[in-house]
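Q: Each chain is listed here by its residues.
There are 2 protein chains.
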Amino acid sequence: MSSMLVIGVGLIGGSLARSLKRVRYCDEIIGFGRDRQQLQRAVELGVVDRFTTDLADAVRGVKLIIVAVPMSVMPELFHRLAEVVDAGTIISDVGSAKGTVVAAAKAAFDDQMLPFFVPGHPIAGTENSGVDASFAELYDQRQVLLTPIFETDSAALYEVEAMWRAAGAEVETLTVEHHDEVLAATSHLPHVLAYSLVDMLVAMGDSEKIFRYAAGGFRDFTRIVSSDPLMWRDIVMGNREAILPLLDRYIEGVAQLRTAIHRADGDALFATFSRAKAAKDRYSGK
Amino acid sequence: MSSMLVIGVGLIGGSLARSLKRVRYCDEIIGFGRDRQQLQRAVELGVVDRFTTDLADAVRGVKLIIVAVPMSVMPELFHRLAEVVDAGTIISDVGSAKGTVVAAAKAAFDDQMLPFFVPGHPIAGTENSGVDASFAELYDQRQVLLTPIFETDSAALYEVEAMWRAAGAEVETLTVEHHDEVLAATSHLPHVLAYSLVDMLVAMGDSEKIFRYAAGGFRDFTRIVSSDPLMWRDIVMGNREAILPLLDRYIEGVAQLRTAIHRADGDALFATFSRAKAAKDRYSGK
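From first to last, the protein sequence lines are chains A and B.
Throughout the first sequence, residue numbering follows my numbering, covering 1 to 286 in sequence.
Throughout the second sequence, residue numbering follows my numbering, covering 1001 to 1286 in sequence.
The following block holds chain A by itself, in its conformation from the complex:
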């Protein structure tokens, strides 16, 4: 691999570049993005070798392009890439909701390009963002989910897999639909619920006491609320179809617990709490 391009050199893209430099995965890593200062900073930090703000220049000669920009920016970017990228150049992304990204790719890329698009999602991150927050170890032993579609070229899939393994990650493939369902459950829904709880409590006033006395429960909920609201808006909007039915089931379950609390039905509470704890202990290997 001679050279690769990282579009969006923030926490995710920057950490990928750092982790690949660590193992000399390729000769040159080029940065591209909208924010010239971030790109300059990325060069200063040694995250990328050079940067350009000219997309046609950026893609010239590269074998692999990683799109690590907010999901809401991807549709337009894919169209711009379609105009300048040579056939056979592999493009992969890091979006947290794959159905939306695949739809954008299908809308932008023709039959020559689509096979070389490999949808991906590294399950890694921190509450921080920007290139200054990036670090080479972010993906070590973390899972990366690739969601190839019918059209995906198997050699392209293999290249992207190899890249993530070089970055330290463990790679699994699953379908777009399965990915979006599982991630809605494990990540997207919890974020929606946590944002909602904190927003409600703040609206009640007395926030200072509430945050001061925050014991285990609340602290765990609020940690994830530090995440970037714009990124989470994009993720939730991008995975609406998988999130909505889950949210409905969740509201139903909470309403049942509400009834049990209202009726002082301790047995029903105990049954629910016990089932949840048993599952947690079973799967988390406690």
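None of these hints come from the bench; they were simulated from the model.
Small disclaimer: the values here were computed from a predicted structure and weren't measured.
Think of the CB as a built atom: it goes at the ideal place given N, C-alpha and C, for glycine as much as any other residue.
Among these hints, one or two may not hold up.
Pairs of lysine-lysine, DSS-like flavour, derived with a Cα cap of 30 angstroms [as the list claims (entries may be wrong)]:
(1) A:Lys209 / B:Lys1106
(2) A:Lys106 / B:Lys1209
(3) A:Lys63 / A:Lys21
(4) B:Lys1063 / B:Lys1106
Which chain A residues face chain B? A few, computed with CB under 10 angstroms, are given here [said to hold, decoys possible]:
(5) Val23
(6) Glu76
(7) Gln112
(8) Leu114
(9) Ala185
(10) Phe221
(11) Asp234
(12) Met237
(13) Ala260
Once you've looked at the hints, dock chain B against the given chain A.
A: Structure of chain B alone, referenced to chain A:
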């Protein structure tokens, strides 16, 4: 302080005894409880100096009694204490919902005893339980909330405050009602919501994948689900009146987000997420 009695030598009572021994707070700490094996273990571990399973014997000559049993056991225990305790003996508890505990105390203690009952709640704990999980540092720099009532004797309040400070904690006093509202928000409601989420996901099947891909969001939610379901049933049952209106507001807020997601109203999502993050950053000093 010559001797004190700890009723219920588990994580909470055991850790209190250990922390007080650390500073030689009193000459002797006696353990009492239902589980003879736990009590024997407590003596082996040096958590208490001796134990008895005879309550009349246990209370003889002690100046201070700490009740660290599940809240559902307190009403009966208070009645038994009322039969054997000398007037002037200070009794305090560690229950997470104070309204219920105070009601039980008022039902059991007469006008001579009630002034010497000091309701308390240490905001500390781990997911583990039992005397083997106890440790002397549990309360270091943690907050203990005391909720004196109209009848509470100020010297008794002072003694219990001094004890918790000796155990390493920071002590604050607030009203029973305020305590129960704030704790419903910061601890009880989050636990109910987390148990509900895990229970729902487990019912959906595919649990193995869900737990395997559990990223930040879900992992934070599920950590608190490891807590003892019996204890949490007691807490939720004991603070129903404060939890119910909060739960109703929460369901309303989540329903509004559901509508926003359904309508693809990204602005509404962004507004909620941003408000929550701003409050979190403001109060958590990020």
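Q: Determine for every hint whether it applies to the structure shown.
A: Here is how each hint holds up against the structure:
The straight-line distance between the Cα atoms of A:Lys209 and B:Lys1106 is roughly 28 angstroms, inside the 30 angstroms bound, and the hint therefore holds. Taking the CA atoms of A:Lys106 and B:Lys1209, the gap is near 28 angstroms; set against the 30 angstroms cutoff, the hint holds. A C-alpha spacing of about 16 angstroms is found between A:Lys63 and A:Lys21, which places the hinted pair at or below 30 angstroms, so the restraint holds. Simply put, B:Lys1063 and B:Lys1106 have alpha-carbon atoms about 20 angstroms apart, close enough for the 30 angstroms limit, and the pair holds.
Among the interface hints, the one on A:Val23 is violated; its C-beta lies about 24 angstroms from the nearest C-beta in chain B, farther than the 10 angstroms criterion. The criterion of a C-beta within 10 angstroms of any C-beta in chain B is not met by A:Glu76, whose closest approach is roughly 16 angstroms, and the hint is violated. Evaluation of the A:Gln112 hint against chain B yields a violated restraint, the C-beta minimum of about 32 angstroms exceeding 10 angstroms. At its closest, the beta carbon of A:Leu114 sits 26 angstroms from a beta carbon of chain B; the interface hint therefore is violated under the 10 angstroms criterion.
Because the beta carbon of A:Ala185 sits about 5 angstroms from the nearest beta carbon in chain B, less than 10 angstroms, this interface hint is met. Interface hint status for A:Phe221: upheld, as the beta-carbon distance to the closest one in chain B is roughly 5 angstroms, under 10 angstroms. With a cut of 10 angstroms, the hint placing A:Asp234 at the interface with chain B holds, because the nearest CB-to-CB distance is about 8 angstroms. Given hint, A:Met237 at the interface with chain B, holds; its Cβ is 5 angstroms from that chain's nearest Cβ, closer than 10 angstroms.
The beta carbon of A:Ala260 is positioned within 10 angstroms of a beta carbon in chain B (closest approach about 9 angstroms), and the interface hint is therefore held.
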